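*Asks:* Construct the complete structure from the given sequences, taking the supplied hints into account.
If you want this note's numbering, it's the 1-based position in the sequence shown plus 611.
Errors might be hidden in some of the hints.
[Unchecked claim] Under the rule of at most 30 Å between Cα atoms (straight-line distance), these lysine-lysine pairs were calculated in the BS3-like manner:
#	residue 1	residue 2
1	1009	839
2	1044	809
3	907	1009
4	968	1040
5	1099	1041
6	1040	631
7	1186	631
8	631	968
[As the list claims (entries may be wrong)] Computed Cβ-Cβ distance ranges for the label pairs, DEER-style:
#	residue 1	residue 2	range
9	1102	813	20 to 30 Å
10	769	912	39 to 49 Å
11	824	900	47 to 57 Å
12	1201	744	56 to 66 Å
13	1076	1197	17 to 27 Å
Honestly, the hints are just simulated from the structure, not real lab data. Please read all numbers here as calculations on a predicted model, not as lab measurements. Backbone N, C-alpha and C fix where the C-beta goes; we use that ideal spot for every residue, glycine too.
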Amino acid sequence: MDAASTTRIRGGGFVIDEPKLEWVVTPEDFTSEQRLFADTTKAFVEGDVLQHDEEIERLNYELTVQLMRKAGELGLLAVDIPEAFGGLGLDKVSSTIVNENLAKASSFALSIGAHVGIGTLPIVYFGTEQQKRTYLPQLATGAKIAAYCLTEPASGSDALGARTTAKLTEDGAHYTLNGSKLYITNAGFADIFIVYAKVDGEKFTAFIVERGMEGFTVGPEEKKMGIKGSSTCPIYFDNMRVPVDNVLGEIGKGHLIAFNILNIGRFKLGAGCLGAAKETIQLASAYANARTQFGKPISSFPLIGKKLAEMNTLTYVLESMVYRTSGYIDAMLQGLHEKSTDTGTQGGTHTVASPAKAIAEFALECSIIKVFGSEALHTIADEGVQIHGGYGYTQEYKVERIYRDARINRIFEGTNEINRLLIPGTLLKKALKGELPLMERLERLQEEVLAFRPSLSDSEEDPLSVLYGLLNQMKTAFLVVGGTAVQKYGTRIEEQQEVLSALADMMIYIYAAESAILRTNKLINRFGEEKAALAMRMTQVFVRDSIQVIEQRAKETLHEAASGDVLRTQLSLLKKFSRTSPLSLISQKRDIAVRVIANERYIVM
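*Replies:* As structure tokens, then:
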């Protein structure tokens, strides 16, 4: 993707734009180097981690640190760290590939994820030159392990409500921190902690804290439902002195770091969910082939096949979303880097802020991937247990652990409820700032709606054209319903959480459906319709499911935001936007199931 294209890729723009295929990265576009990183990660997990699986689950700190340092030797901890500071400085697609393929390592994947993501990236993106030189080389090798400390007993989703305080000492050389943090991943063995506190009780600020600083203590391990092999402890600060040189970013600007890092965490969480989803399909399909009832394998029963087909379809859609977004972030980074180089006056000064700016641009998409990915994995893991029957409820089969481990994902990195409020809220903010011509699009909408004709093509017409027509219907429905809600509530819409949640679901399914359509289009162009037939079936199934979700959420919103003749008119329009061409979803899912069962794994072609 050339840098000039980045001016056309806008966070949230998918609700009004028609993205070009060349803007979209898919797994089929991976380079040989990127595939090598996938192979290296898989080999490390299979050869070094899984043999110690039970011991890791018993929370063996020493073993976890040892394996993390082994990952460091392989370069798996250095992917996002610039070369100048001991890292590899690779693209976000490569980073996502590593993250996805670590997922099979269960709790250990979380330990690495917290280290390389929310633990290390605050220093990568916001650290001074000296801070980077001091900490990043050791973080890249695993010589030092990182943790991220934001949540407090009285502040979870309300991060800015933190009560931990920081006060400058009289000699101006240190800040004295007092307070506590809760649910800190890697706390039991981490060396470096990114800690947020309020300077003078007001200015929300980030600090780099080292284990061993006087006044720093770690509490006992939490007894958790899942992710048992990861360390999760509270930490406490009692007049802990932190050098002023360890302030990260600017005093009072800690929220910029916290929110950008949460965006990264949300995106990486979605990639981890993708890896876990693929493993669940492999386990469930193999079990379904091996388990016999009534004299034949349970994979031969249509209802088992239906489950596997739906699991595979959700995974295909999530994979399409994840790598599409990683490609967008890479393109934005490339554009910002070239812009910095071209100016000649600022040299490399953009390099600190640019990655954070690129992540912030696609904050909305990161929230979408977090919500969709965590809920897709929940469904997939649940069905995986169901396919295993009673055995799936026992610890003898890994699907039981996947099910328990998956539950935290809807709470991590901001609950799904919070993220659902952020998705439409961020879109509106971008529109009001003039970053997205949403209001102009709404002004043209009325004329388009009057002339709108639903895509009711017969089965002989190009199925890809039908899918694009249905996608256009979904976008139009969202714009009509969203416009109605904004017109009624204005700036008070932030108080209407149920309405915002419904609008968020509409946006989530639009982005998901569009990602699948774009990927399937690319597959057809590259490999032909016959080889892409499975992808087409999965996309057709998901798009029609999406329309049903969007219709339901639209009705909920319209009944709240409109009344009388306006409501009747809008509901009548909604019927047009929700109409689809005839398609047997049962036969489509049976065809998908046949391929999954035959291959005993997640499959695209």
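*Asks:* To test your reading of the hints: which numbers does this structure violate?
*Replies:* Of the numbered hints, all hold.
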